[in-house]
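> Chains as they are written, first to last, in full-length UniProt numbering: chain L, 1 to 213; chain R, 1 to 213.
Simulated from the structure, these hints should not be mistaken for laboratory data.
If you're wondering where the values come from, they're calculated on a predicted model, not measured in any experiment.
Treat the hints with caution; some may be incorrect.
Identical copies carry no separate label here, and so any pair may be met within one copy or between two of them.
Below, a list of computed lysine to aspartate or glutamate pairs in the EDC-like style, where the Cα atoms sit at most 16 Å apart [to be verified]: (1) Lys45 with Asp101; (2) Lys61 with Asp201; (3) Lys23 with Asp102; (4) Lys52 with Asp203; (5) Lys103 with Glu89; (6) Lys113 with Glu197; (7) Lys190 with Asp163; (8) Lys51 with Glu127; (9) Lys61 with Glu89; (10) Lys61 with Asp86.
Now for the letters of each chain:
There are 2 protein chains.
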Amino acid sequence: MEDLKLHGSIFSPFTCRVIWALKLKGLNFECIEEDMTNKSDLLLKYNPVYKKIPVLVHGGKPIVESSIILEYIEETWPQNPLLPVDPYEKAVARFWSKFADDKSLTLYGFFVKVGEEQEKAVQEGLEILRNLEEHGLGDKKFFGGETIGLADVGLGWIAFWLDVLEEIVGIKLLEESKFPRLFEWTNNFKEISIIKENLPDRDEMMAIMKSRH
Amino acid sequence: MEDLKLHGSIFSPFTCRVIWALKLKGLNFECIEEDMTNKSDLLLKYNPVYKKIPVLVHGGKPIVESSIILEYIEETWPQNPLLPVDPYEKAVARFWSKFADDKSLTLYGFFVKVGEEQEKAVQEGLEILRNLEEHGLGDKKFFGGETIGLADVGLGWIAFWLDVLEEIVGIKLLEESKFPRLFEWTNNFKEISIIKENLPDRDEMMAIMKSRH
């Protein structure tokens, strides 16, 4: 077994991305649950700049920032590739993975804001989903084509977390009638056995997010 | 000559990164100056999601987002590598390049804010520089070691733009006494002939930034 440890939390979408990628590569690793209200000395040592999860520790060396960890995983373990070989297609996959990163806080807005600010956040959220539907997914099954890839893993939280947030707030953003292809993608994504087996428990997730709300 | 066009502006630090990378690779390309107050139809077609510069068009195919363009350049033209071969060292370089991206707006804060908000922005700016000095640069000449690499190209705007902003506002963040290694790095960076030959004119830059201020 590789000397591979992941500091994170199953309830963090950024940690889940890394879990999914490691599992898709068929790797065994130790998962160390971090309490973000009482950060461990090891986490502070491994990620002195951001002090955040996830951190992947491979042979004692820490790699931080989920998008950078995904690239590291792809390069270190080339089996079951997450990125296409062609540099242009690779750039497109990276674009949507980065889009997922850059827009996550905005898409979260409708969950934390109220009144007029929430209305604005809903519009911004819909615009993000529209971009994913029209420019990202097109007619493909997954963002990278016929099989799951880096962009799907990066965007995967939309398939699971968004639905929980929507239920708590009572606002539906990702409606099947408005975004049929993206809606179908969330089902295709969650049907992959490795994803299905590595999602947080929905009831626990609901309880945690309700208390945050 | 490659069919290579760059839509951007020499006064945009995100465009300059791409220019530097292309020049460091020894590539010839056509630079198409975009007027961001009157965006061209071509720019809107190439980057429908963000409608922003820079856009690199290679053989008619557009690549957007400067950090993704840099990866594309590195993969398509491997000569004069910007990234190390080792996946771990590569992850470290990518971390600082991403740090440059993620922190650019925060570091810009002292230039656009006033009063207490500016004071806060100054403290945040100093924290960014401290992280670069202590955790990023260490005792190395460049962020990647002895030669210029991806992180240096990503962070390069600090070596040129920051000084212009500081002069306009009358606040010095990057003081030699506080950040001796980072200060030296800015000089090492600007002394590289390809960088020196591909910087915007300082007086023009000053005039543009003064009008924005």
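> All hints are to be evaluated individually against the structure, with a verdict given for each.
Evaluated hints:
1. Lys45 with Asp101: The answer is neither: 24 Å in one copy and 23 Å across copies each exceed 16 Å.
2. Lys61 with Asp201: Neither: 30 Å inside a copy, 42 Å across copies.
3. Lys23 with Asp102: Neither: 24 Å inside a copy, 28 Å across copies.
4. Lys52 with Asp203: neither (25 Å within a copy, 41 Å between copies)
5. Lys103 with Glu89: For lysine 103 and glutamate 89, the Cα distance exceeds 16 Å both inside one copy (21 Å) and across copies (28 Å).
6. Lys113 with Glu197: neither (32 Å within a copy, 48 Å between copies)
7. Lys190 with Asp163: within (12 Å within a copy, 50 Å between copies)
8. Lys51 with Glu127: between (31 Å within a copy, 14 Å between copies)
9. Lys61 with Glu89: between (30 Å within a copy, 10 Å between copies)
10. Lys61 with Asp86: between (30 Å within a copy, 13 Å between copies)
Checked against the numbered hints listed earlier, the structure breaks hints 1, 2, 3, 4, 5, 6; every other hint is satisfied.
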